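Could you build all of it, start to finish, from the sequences and the hints given here?
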Amino acid sequence: MSARPSLRRARLGGYLILAVFGIFACGGNTPATTGSDKYTFDYANVFDKSPTFKSVGDNLVSQGTQVGITVRRSDNNSDCATVLSNAKVMVQEKPDVAIDWMGCEGAGPAVGKLFGDAKIPCIAVNQVIPGCSFFNLVNKDFGVQGASIVYPLVQKAGWTPNDTTLILAAAPGAGAEVNSNSRFFYEDLAKMWGLDMYTADQITDTTTTLGKNLIQVAGQGTGNGPLEGSYTALKGVLPSIPASRHLIVFTINDDSGLGAWRAITESHRENNTMILSAGADADGVNQLRTNPHWVAEFSVFFEYWSEYLLAMGVAVKKGIKPPTQTYCPQVVLSKDNVDQYYTGTTPKAVPPIPDQDKYLIQTGILQKFGNIPGAQ
Amino acid sequence: MTDALLAVTGLSKSYGAYRALNNFDFVVESGQAVSVIGENGAGKSTLAKILAGVIRPDAGTITLKGEEVHLSSPRDALRRGVAFIPQELAYLPNLSVAQNILVGAWPNRLGISTRAMSIAKAKEESKRFGIELDVERRMARLKLGERQLVEIVKALTRRARLIILDEPTASLSENESQILFRVLRNLCRQGVGIVYISHRMDEVYRFSDRVDVLRNGTHVASAAPSTTSPAQLIEFMLGQAGEQLPESSSQKSTAEVRLALGDWRADGVPALDGVTLEVRTGEIVGVFGLRGAGQELIAEGLAGLHAKIRGELTVNGRRVRIFTKPRQARKAGISYVPAERKREGLVLALSIRANLTMLILRQISRFGIRVVRLERARALELASRLNIRYRSLEQKTGSLSGGNQQKVMVGSRLATRPTIFVLQEPTRGVDVGARVEIHKFLRELAVGRAAIVLVTSDVEEAVLVSDRLLIMREGVLVGELMGSSKTQSQALALATAAA
Amino acid sequence: MNKQLDTPAAPNLTGEVRGATTRLRRSQIFDRSIQFLGIGAFYVVILIFFSVSTPNFMQYSNAINILSNVSVIGIVAIGQAIAIVSGGFDLSVSGTLPLGAVAYAALVNRPMSFLEATVLVLVLGAGIGLGNGLIITKIGINPLITTLGTLSIGAGLAFTFTNGITTPLKDLNSGIWGNTAFAGITYDVIALIGLAIVAVLVLRYTVFGLAVYAIGGNREAARLAGIRVDLISTVVYMISGALGAFAGEVVTSQLLAGTATVGGTAALASIAAVILGGAALTGGEGGIIGTMLGVLVLGTIADGMALLHVASFYQQIATGAVLLLAVGFGRLRQLLGGTS
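As you go down the protein sequences, you meet chains S, G and L in turn.
Taking the numbering used here, the leading residue of the first sequence gets 1, the next gets one more, and so forth.
Taking the numbering used here, the leading residue of the second sequence gets 1, the next gets one more, and so forth.
Taking the numbering used here, the leading residue of the third sequence gets 1, the next gets one more, and so forth.
Since the hints were derived computationally from the structure, they do not count as laboratory data.
Everything numeric in this text was worked out from a predicted model, so none of it was measured.
One thing to keep in mind: the hints can contain errors.
Simulated crosslink set (DSSO-like; lysine-lysine; CA at most 30 Å straight-line) [said to hold, decoys possible]:
#1 321/S x 138/L
#2 342/G x 331/G
#3 138/L x 49/G
Below you can see the structure in the form of structure tokens.
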């Protein structure tokens, strides 16, 4: 007859927890996947809630099957804790190659250590992981090319630096490299056009306004995603800008762009605005074609990332050492050149393989799909 | 400088323009039991709270055994030996009885305190005071009367020299009250002073050495019970003559039977062991018994709150199945006023208007939307009929005094224009003025051809208000009193099997 | 009125009470254990489910992973449990955590010794908790609004403190909590277990612990009994704040970098774990062991679903459903047991 029900409860609970982990300890380890040329890759995607990003994972799985590679996927949800736990799971599963698009700026070293300690070859996408090969776009080019597209357009429209404001819907917290697109856009356009001069370095994550022409907002959003995030951010900042001022809105992905555009139209400022976006998903390319104010769409040809990644994976597994960065295909689409690369909203042609990437030709993977000029 | 246990002079407290206590003088000697009575708002609670250190007076002095004190907090008051047992018991439901008794003063060594320590100490203390309690039980499991006893032991454990009790027997059965009084008398013999705030005349007489009357914050009378009559005391309290109800008829009514219960039985605690009764139009039938006698089941069964009663039920001449849901009772035309107004009868956070019209929403709405004009009209009508005292109909019901809250609850039931009214403990925790009004009102209802079942554990009320008084004991009806035989002593005798 | 009432002899009421007591007491213990074992049994069901679904689950390394994954939220949940038992709750941990995370990185990079940095982080968290406590007890704003406010302030501070930039740890060894102690077990798990044990002992065997339960059970009663309710509440919030900041330090050690984007879900997840473990949101009930069980349930489900490569949308739905099931399971057994 226990006189202490609470103590008894505690003991029961303690035993339970111990027993549970005892059971765990008895379990053995699964053998690593073996197989000649039948590889297994693990892929952790940045944010499955966004269709654009999700498609990269989808393609990896389907194209992988075509070349005999099994791809298992997980979702990092752009959350640091999830990135870590997914990486641990990947280490558990012992893939041939681990491909990780983190979405958490700081987790690089920790994730790199996990893969390194487990001796799993790895590829980092878009954010650096020490010890892993690196695949990324060059954000600066988006900004620079974007500026050269916009400059003639604002001249033709008769806008001047005194009556125009640039709104950069950037991604604070995502790091300097990711944000170099918006910052170099401003720097180059300022040089060309005579806006209040600020270099890319001077625009930081906490910048809100600089001079008479620059406003920066957070286009990313957290948890709810960039669509809501930039919508809210733009809605918040638009009332402070006189309705007569011309606007150039720079967004860094299509969800963000759509959200920003919705805010613009709700404020009835469409006729006074030019917008640039990135990602080239169906909505983005559509807007480029049909919306007179949507002037540039940065395409990194997400549809082709999976081929490149699969090729990289095979290269790494075979012991070929990739360069510091493997470039993804990219071009800034404008109304003039969109038909060159796209039919409707589907890409029909992709820029030729960048020089740095030519080491991938040895793997033969790209050739199997026959899409990349220079690797067919 | 007197050597009395407690001496208070010139105590005053105001809340804004409202004077709660006005120049109050008061003396309690060691071993003396003093009752403080008065209407609601007379200042009794304020006095108790000041003495307990919960609030501070605006003016006046308090001396304990000749030493002037300024009580800054309950902790401070406790330290000086003044313990307060509020009406709403302040206990910790999830701790054990032992831990409750010793709350705030748990036995410990360097801050470490184990269950065993508390249990041992609590056992020791309750033995000391001759009160037997199972100290290991969880407090939430105790019955109300037992909880009260725990509160008392708690106060005593703090070596209280003066204990203030606020309406302690409001929720106790006769038995439990007896035990309480026995304990308190023991304490008086040991030199502890008791200040006893109550509405119940009979207790005041049974128990105190002196009765003090408060009216509107002023001390208007002080006398020993043996030298005064209840009527005089009521006069002092109200400033007018006390409750006079017209004599009820001493003959059995011959109107048609509205409600008939046939051989009701229920298992469990309390049980019903075959109860048969009738209520006719225009009659007030009282059902009185001690706690656990089963009269609560009659009320709950008629209200549709008790699913497991077997027996026959005839309402307005039609045989029906005993209600298993309150909705059925309402449909049959029975209106039920529950015992615990705060928990079961009112939504305290809503306005008076909302509470009054809660049961008749359909009547005051069009297409699902409340028509405020209609609502207000009905509410005004009900409020004036029951003489509810309020500042505005929009006032939160929770801010009213107990008596007025009760009237709101009765009013909300009245709104449904019932033909049969079932009330349980209708004047519990209600001041004398409101009590009188509610009783008068019930009589009016009866004259207006309603049939009323009044279930109560207040013997005075039972005798005063009912035309016919049925006594229950251990699940059966043991007597029916009418006319001259309908007295409190007869009722009690039957209820306790002392007859 | 007839005042000379003959009072009938009072029967031995307490004697009857005693008899009923022993009967009820046994069923009372039985019924509380059922409640508790409800979650435990449910956990066993989950374990069985996952272990048959994927071979990677029932492995020592996976067990370590789960423990390491839940260590951060577990530490927060300890503080949250104490706060909830005391009748309040602390939403601000979602701000204190990132603040502690970036503060630790910045301090340890100065360089500052691990010990000094840790102490400062704890002080920072306790300071925020002190703010919470004072606002709630002295100014009287309710815990929901207060801790929501400090949440925003804390999270915002974390961002401005670093300009939104991630601060990698210069010396990887200063991320001690992420290092392995023995047998693959990392120090963060050891910290969690250690803190849990201390919390259990304090709540159960000290006057402070009793006072916390008392305040949660009935604050007014505790006050009337002379317990310093305001002081104790404030201390409780300080503990919760310190633990929240410490959890941030642990995250930084795991990530090897201080970033302000962590901790967003800490508040709700910790509250969920505490309630899952049997606490009442109104206070006065619950405990650390139940909370740890709750944390484990949530962490195990997340881990299992990751191993099964369940799409993340389904993970969210599944977690919610499991929460309802787990609480319902315990409640069902309660109802079947017959008593409330």
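A quick look at each hint next to the structure:
1. 321/S x 138/L: 64 Å, violated
2. 342/G x 331/G: 24 Å, holds
3. 138/L x 49/G: 21 Å, holds
Checked against the numbered hints given earlier, this structure breaks only hint 1.
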